[in-house]
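Sequences are here, hints too, so could you generate the full structure?
2 protein chains.
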Amino acid sequence: MSQNPDIHALTNEDPPTGEFELIGWIRRRTGALPKVRLGIGDDAAEIDLSADTRSILVATDMLIEGRHFTLDTASPRQVGYKAMGVNLSDIAAMAGKPIAAFVAVALPRSHGIEIARELYLGLEDSAREHQIAIAGGDTNSWHGPLVCSVTILGEPTPPRAVTRRGAKPGDRIFVTGPLGGSLRGRHLHPAPRLKEAQSIHRNVSIHAMIDISDGLTADLGHILEESGGLGAILDADAIPIHPDAIFESARDGRSPLEHALGDGEDFELCFTVDPADSARWISESQSAFKPIQIGSIRAEPGIALRLTDGSSRLITPKGFDHFDIK
Amino acid sequence: MSQNPDIHALTNEDPPTGEFELIGWIRRRTGALPKVRLGIGDDAAEIDLSADTRSILVATDMLIEGRHFTLDTASPRQVGYKAMGVNLSDIAAMAGKPIAAFVAVALPRSHGIEIARELYLGLEDSAREHQIAIAGGDTNSWHGPLVCSVTILGEPTPPRAVTRRGAKPGDRIFVTGPLGGSLRGRHLHPAPRLKEAQSIHRNVSIHAMIDISDGLTADLGHILEESGGLGAILDADAIPIHPDAIFESARDGRSPLEHALGDGEDFELCFTVDPADSARWISESQSAFKPIQIGSIRAEPGIALRLTDGSSRLITPKGFDHFDIK
Numbered sequence: 001m002s003q004n005p006d007i008h009a010l011t012n013e014d015p016p017t018g019e020f021e022l023i024g025w026i027r028r029r030t031g032a033l034p035k036v037r038l039g040i041g042d043d044a045a046e047i048d049l050s051a052d053t054r055s056i057l058v059a060t061d062m063l064i065e066g067r068h069f070t071l072d073t074a075s076p077r078q079v080g081y082k083a084m085g086v087n088l089s090d091i092a093a094m095a096g097k098p099i100a101a102f103v104a105v106a107l108p109r110s111h112g113i114e115i116a117r118e119l120y121l122g123l124e125d126s127a128r129e130h131q132i133a134i135a136g137g138d139t140n141s142w143h144g145p146l147v148c149s150v151t152i153l154g155e156p157t158p159p160r161a162v163t164r165r166g167a168k169p170g171d172r173i174f175v176t177g178p179l180g181g182s183l184r185g186r187h188l189h190p191a192p193r194l195k196e197a198q199s200i201h202r203n204v205s206i207h208a209m210i211d212i213s214d215g216l217t218a219d220l221g222h223i224l225e226e227s228g229g230l231g232a233i234l235d236a237d238a239i240p241i242h243p244d245a246i247f248e249s250a251r252d253g254r255s256p257l258e259h260a261l262g263d264g265e266d267f268e269l270c271f272t273v274d275p276a277d278s279a280r281w282i283s284e285s286q287s288a289f290k291p292i293q294i295g296s297i298r299a300e301p302g303i304a305l306r307l308t309d310g311s312s313r314l315i316t317p318k319g320f321d322h323f324d325i326k
Numbered sequence: 001m002s003q004n005p006d007i008h009a010l011t012n013e014d015p016p017t018g019e020f021e022l023i024g025w026i027r028r029r030t031g032a033l034p035k036v037r038l039g040i041g042d043d044a045a046e047i048d049l050s051a052d053t054r055s056i057l058v059a060t061d062m063l064i065e066g067r068h069f070t071l072d073t074a075s076p077r078q079v080g081y082k083a084m085g086v087n088l089s090d091i092a093a094m095a096g097k098p099i100a101a102f103v104a105v106a107l108p109r110s111h112g113i114e115i116a117r118e119l120y121l122g123l124e125d126s127a128r129e130h131q132i133a134i135a136g137g138d139t140n141s142w143h144g145p146l147v148c149s150v151t152i153l154g155e156p157t158p159p160r161a162v163t164r165r166g167a168k169p170g171d172r173i174f175v176t177g178p179l180g181g182s183l184r185g186r187h188l189h190p191a192p193r194l195k196e197a198q199s200i201h202r203n204v205s206i207h208a209m210i211d212i213s214d215g216l217t218a219d220l221g222h223i224l225e226e227s228g229g230l231g232a233i234l235d236a237d238a239i240p241i242h243p244d245a246i247f248e249s250a251r252d253g254r255s256p257l258e259h260a261l262g263d264g265e266d267f268e269l270c271f272t273v274d275p276a277d278s279a280r281w282i283s284e285s286q287s288a289f290k291p292i293q294i295g296s297i298r299a300e301p302g303i304a305l306r307l308t309d310g311s312s313r314l315i316t317p318k319g320f321d322h323f324d325i326k
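These protein sequence lines map, in sequence, to chains A and B. For the first sequence, position 143 matches number 143 in my numbering, and the numbering has no gaps at all. For the second sequence, position 259 matches number 259 in my numbering, and the numbering has no gaps at all.
Hints are computed from structural coordinates only; laboratory data are not their basis. All figures in this text were calculated on a predicted structure; none of them were measured in a lab. You can take every hint at face value.
Because identical chains share one entry, a pair is satisfied inside a single copy or across any pair of copies.
Below, a list of computed lysine-lysine pairs in the BS3-like style, where the Cα atoms sit at most 30 angstroms apart: (1) Lys195 <-> Lys35; (2) Lys168 <-> Lys35; (3) Lys168 <-> Lys195; (4) Lys290 <-> Lys195; (5) Lys168 <-> Lys290.
Structure, rendered in structure tokens:
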């Protein structure tokens, strides 16, 4: 466990040059936030919980070189930042408050120390932004590519954690920001909507929520499936299109809307709210942050898109057979 | 989250044959123990805590093909069993009570489904023995070797978690079982000393504890280092030698004692207790389970071995420069 009271004070320390220095360096940089009773350097870490915590949230995501990124196109620091961010986004999707992160890595033997150092800086960049500690983990080197598995603990915020399974016919569907084209680079710099989710959760009863990693259609599909086989109708004109989706469209000829619906790795949230509750919330909200209403839940399965001319077409089959492993 | 109330009832279900079936199969088999409010199938899992829990223990260990095992000499089921067991052993070393496990895997594309199925059966064998749920994780396939990262949450048991750092000069040193030669096969079948640790913790004040993964000398060294640079003297005749260490000695000519002191992966516990407290405990104990007293802590750094003739020799330098990353 770090004896140093401030992980931030060490940023300008000389970088480690060997395995021994690396571990000491990681250990000194981590584990000093107040929640960490016992950090790196024992058989397990011990994390303090708030007095009223009766349950704990746990998100785990593994990023793999050659599958989720390549070191030709992403720096180790970006990989670290993303590995932390995708897990924070999962905690955001529960309207949770993250507490601490645990990082298991397999480091390539070639340039392993340099990669580890940069990876940890990226993990730390994200951890610091969201005021959580990197409180433990496991560091290994091998004759293989880079693998980074992050597990984040979080606490639910009152009244309870928001799941994917509470959507009801009639619910309004919202997203927290513009979608599409994240592969242009945004996907490496996720901005998990933690504060926004907690704020919305305080002000309105969120029936179901998910973060957009697979793409709006697929992720909304998860909500529909988990909520008992419901469907949705989306207003094509209401879907917020990210400028990156327009760039991608110019490159590949697929429409910006297609990119917004399908690309994924936006790390925005998609959630549903009872129509009366959402009308009250929208009229009362003083917040500068405005989620965008994009459609409604309905009983009939499948996701339909309502076009500008009033016609609609089904964009997913009535049922989902994606490979979902979370 | 599984709707099935009994993970054990499904053991004889037809095995999965494709990725889609695999995930459904894992999901049905996991997450149904009482502590799991929300298991596999949402952005994060939600785990219920006991009413008096004020902190949580977290252990993370990653097993890597070609580094920690090879599929030539270990079956995927053994790898799964071990991956769970080494983490449970870390929770045991804190005298903690495990609650739930999270598993991130990278599966080779070749025979990935078969490997995954066997791996999960092994994880489940161990989880079931210790009554914990596999409550979430992340499953990926890639063109690389098998990587399995397990994170286990646990609760401390009263009065508090036991760390590596409370040893004092004069403390008696104990181990929970015979050591050495685990590479003959025992290392693949760890029997984490969870119940024993909790029982000892109830009956005596444990000053410091660790599980023996790197080897008795190295792991006792961690206690000495974390407790402020202390030393120890061990009685050569008191070190419990596993029969496997004798077999290994016959094979390689190194003494059984050397194997017991150095081999590691025994997953027994090593702990220290105040001398008066330990005398009382030993005289009062009704338990059939008897930890073995092997020596004492002393202020002088380094670990010395006291031989049968009363002479002693230093078996470690005064200080440790191992590559420890936990």
